[in-house]
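> Using the sequences and the hints, build the whole thing.
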Amino acid sequence: MTDQTPSGASSPEHLAIRARSLTKRYGEAVALDDFNLDVWSAGILTLVGPSGCGKTTALRVIAGFESPEHGTVDIRGRQVVGPDAMVPPERRRVGMVFQDYALFPHMTVAKNVAYGVASKTDRKRRVHDSIEMVGLAGLEDRLPSELSGGQQQRVALARALAPNPDVILLDEPFSNLDASLRERVRRDLRDIIKEAKATAVFVTHDQEEALAMSDMVAVMRNGQVVQAATPRELYTAPVDAWVAGFLGDADFIPGYAHQGRVDTPVGAFATPHEGKVTVMLRPEDISVIPDPDGDAVVVDREFFGHDQLITVTLPGGTVLRARSGSGTVVAPDQRVWLKVGHAVTFPA
Amino acid sequence: MTTQSEVLSQPAPAQKRRPIARWWWALAALGLAPTLIPTLTLVGAVLTGGAVASVPAVRLAELLTNTLLLAAAVTGTSVAIGLGTSWVTTRTDLPGARIFSILVTLPLVMPSYVVALTLLGAGGSRGVITELFGLVSFPTITGFWGSWLALTVFAVPFVHLGAVPAISKLDTSLDDAARGLGSSRWGAFRTVTLPLLRPTIAASSLLVALYTISDFGAVSLLRYDTFTRAIYAQFAGRIDRRPALTLAVILMAVAVAVVIAERRLRRKATYHRNRPGRTQMVQHLGPMGRLWSYTGLGVLITVSLVIPVTVLIAWVSRGLSSGQELGDVWIDAARSLGVSLAAAVAAAVVAIPIAVVIVRDRTRIAPVVETLTWTSYSLPHITVGIALVTFALEIARPFYQTTLLVVVAYLAMFLPITVGTASDALRRISPDTEDASRSLGRSALSTVFRVTVPLMAPGLLAGGALVFLTAMKELPATLLLRPNGFETLAIRIWATTGEGFYTRAGAASLVLLAVSAIPLALVTLRDLYD
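Protein chains in written order, with my numbering: chain A, 786 to 1133; chain B, 633 to 1162.
No lab work stands behind these hints: they were computed from the structure. Where hints are given, some of them may not hold.
[Claimed, not checked] Using 25 Å as the maximum straight-line C-alpha spacing, the simulated SDA-like pairs for lysine to any residue come out as follows: (1) A:K909 to B:F1081; (2) A:K982 to A:D951; (3) A:K909 to B:S1078; (4) A:K896 to B:L1077; (5) A:K896 to B:I939; (6) A:K896 to B:A1146; (7) A:K896 to B:P1063; (8) A:K896 to B:I945; (9) A:K905 to B:T1065; (10) A:K896 to B:I734; (11) A:K896 to B:A1076; (12) A:K896 to B:A1089; (13) A:K896 to B:F1081; (14) A:K896 to B:V1085; (15) A:K896 to B:S1078.
As structure tokens, this is what we get:
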């Protein structure tokens, strides 16, 4: 996975977290199965995958709440999980923001934030700075129950950041927020983490959220990281059809590759593979050009305002979706041409 | 991309059960030990022959008949009365229904031996009723009828409290549906309402039956020969404990059978529909309906509350005005307070690790632990007393006749109370809260004291208050286990009533009721502010 190194950092000292061959079972169910992950310092990495893929377990193993049957975890070059090491959570220097925030209901905002700051001398300043940073100055004496969901989350973040941890872990931090609030809170949270120059690992099942806020995204399936890369690389060059489909809308058409080329009803594409392949097309990479001589026929059109999704059939019966701007005017049964900008091929 | 996120947007179910540290298990096992001792001792006594004595079959048949007869009579009357009061106070438009509901529940603070005392003090030539009305000598009601009356007064509040939730959750639209299908009012009650209430009625019946067969205070003072009275007679002043142990084992078997039946029924007792759509019509009472309701409630409250309190006050003031000594009632009160408080604190502390295991542990043994906490709770207290005496004499001699053993008995019998409230409190605390404390640099132990226990505190306090209340009133186990001369309020009331010193018994009773009211008020206040 050395190819995922961003901006020239390459030595292990720059690794905030290094997890190798982690395995964890709950009875019969396998939560982690040869899980490997590198998290680079001062960046946001998101673990994304469908429910039950093991992403929360991975986070809990890194934090020290679960111990794996096998494998190692290093945090900043220090082994915290391994054959000879099982460092308890309180000595890992890992901050955690929980899905339900897990604020101490019997303590004020200031007490919550101060809870993890060991040093007595600059506790006051650290608490003040952390609360200031998350924009909650003036609410120090409130109890968690007197705060809104978004404010509670900020307290949880301030509490996790106050002890100045090596890395902070966030488990589905937006799932308890109103959909209308999420986008703004997500941006704010990202800005705070960037400003604090903290290393953060998010867990989410929402691929859009993962792509939007991360420097790196690791896609998980069945207890394993199947691909870790920058959001753009992941979206444009998924390693397999499952990752492609998980990250966004995609249509797949079968084809046969020969001498680096594969011919499809929508044109020929270059491919590194030979023989049977699957060609993945994203709707936004397909343009629709109305033309009475076109070989494709519009079967359906969903108009969303900012764009529209046009479903067409090709002569061979292949159905494709195209996302285009609202300027293109088409109606069902109209003949069109398709122009494909980008395609990815996988061995079938 | 909307399709993906919609499909996957349900949050993964949070893992509420976590691996917990071994020392939690060790502490829980330690806390559970006192509860297991009585049953283990009795079983051991059976196996080693310590509880095998020949009790004449005729005597056994007599005790069994007496005990079951009383249980049947008390159950029948108190369930009928309790259902009536709960129905009238929750499902009709009777003015003052709430106040009546509280007044019906109030006798709950009166132990059965105090009710017995008021019966004895009311009748007879020196009785309060005779004195008030002057002309006729009101008879003293003792024996079967006295015990029946005393225990019915004692049991009605339990039935009332158990039936109120079930009745108030009944969906009246079902009743209306039956009426709409052509049933008469009585027909609808018989074919719809009554079957819906049947699990509640059955569970209440068995609970009252259990109280009745376990009761010692009322039957011993009113001289009605049941198992508990016979056990005490066999025990007091005899060297051979085997007959008492044998009777105790038989009584335990009867109690266990009742408990098992009750638990089975309770599992099924969820007929009532509880959903937003249910309708709750309130029955309108006409003038006659109101008259009958007020008369019934009036008679009940007079018998269960007004007369007992009047009798107690009358005897005390009569005694005071004639210059009688009240005895060492304050010293007795201090002893009662001491052991009850110790039991409350012990039960609250011990409940912490047990609740952690029950609520948090994900192994299959956790539910077993929950069941085990109930081991001694449902046993007749006199059985627990006999068992602990035997245990002390044979295994833990230094503890024989110590206050420590009394506290251990309370802990054994009342543990599920604090475990219940502590577990409820802990269930409301997300385990993430404790994990958060750990990742903020606190050790597991520090987390217990800074997060877990403070958050459980309201539950521990409420449970402790209830244990205190129950321990203050406890008689039979205290009687058997106490050190010589260690008179608590309960024992003073029982002993002085038995000797006919109703003034001293009345004074101790009033102090007991006053002290008992304090934790009850605290718990009620907490519920109000919850």
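> All hints are to be evaluated individually against the structure, with a verdict given for each.
Hints, one by one, checked against the model:
no.: 1; hint: A:K909 to B:F1081; verdict: holds, 23 Å
no.: 2; hint: A:K982 to A:D951; verdict: holds, 10 Å
no.: 3; hint: A:K909 to B:S1078; verdict: holds, 22 Å
no.: 4; hint: A:K896 to B:L1077; verdict: holds, 19 Å
no.: 5; hint: A:K896 to B:I939; verdict: violated, 55 Å
no.: 6; hint: A:K896 to B:A1146; verdict: violated, 41 Å
no.: 7; hint: A:K896 to B:P1063; verdict: holds, 19 Å
no.: 8; hint: A:K896 to B:I945; verdict: violated, 53 Å
no.: 9; hint: A:K905 to B:T1065; verdict: holds, 23 Å
no.: 10; hint: A:K896 to B:I734; verdict: violated, 42 Å
no.: 11; hint: A:K896 to B:A1076; verdict: holds, 19 Å
no.: 12; hint: A:K896 to B:A1089; verdict: holds, 19 Å
no.: 13; hint: A:K896 to B:F1081; verdict: holds, 15 Å
no.: 14; hint: A:K896 to B:V1085; verdict: holds, 17 Å
no.: 15; hint: A:K896 to B:S1078; verdict: holds, 16 Å
In this structure, the earlier hints numbered 5, 6, 8, 10 are contradicted, and the remaining ones agree with it.
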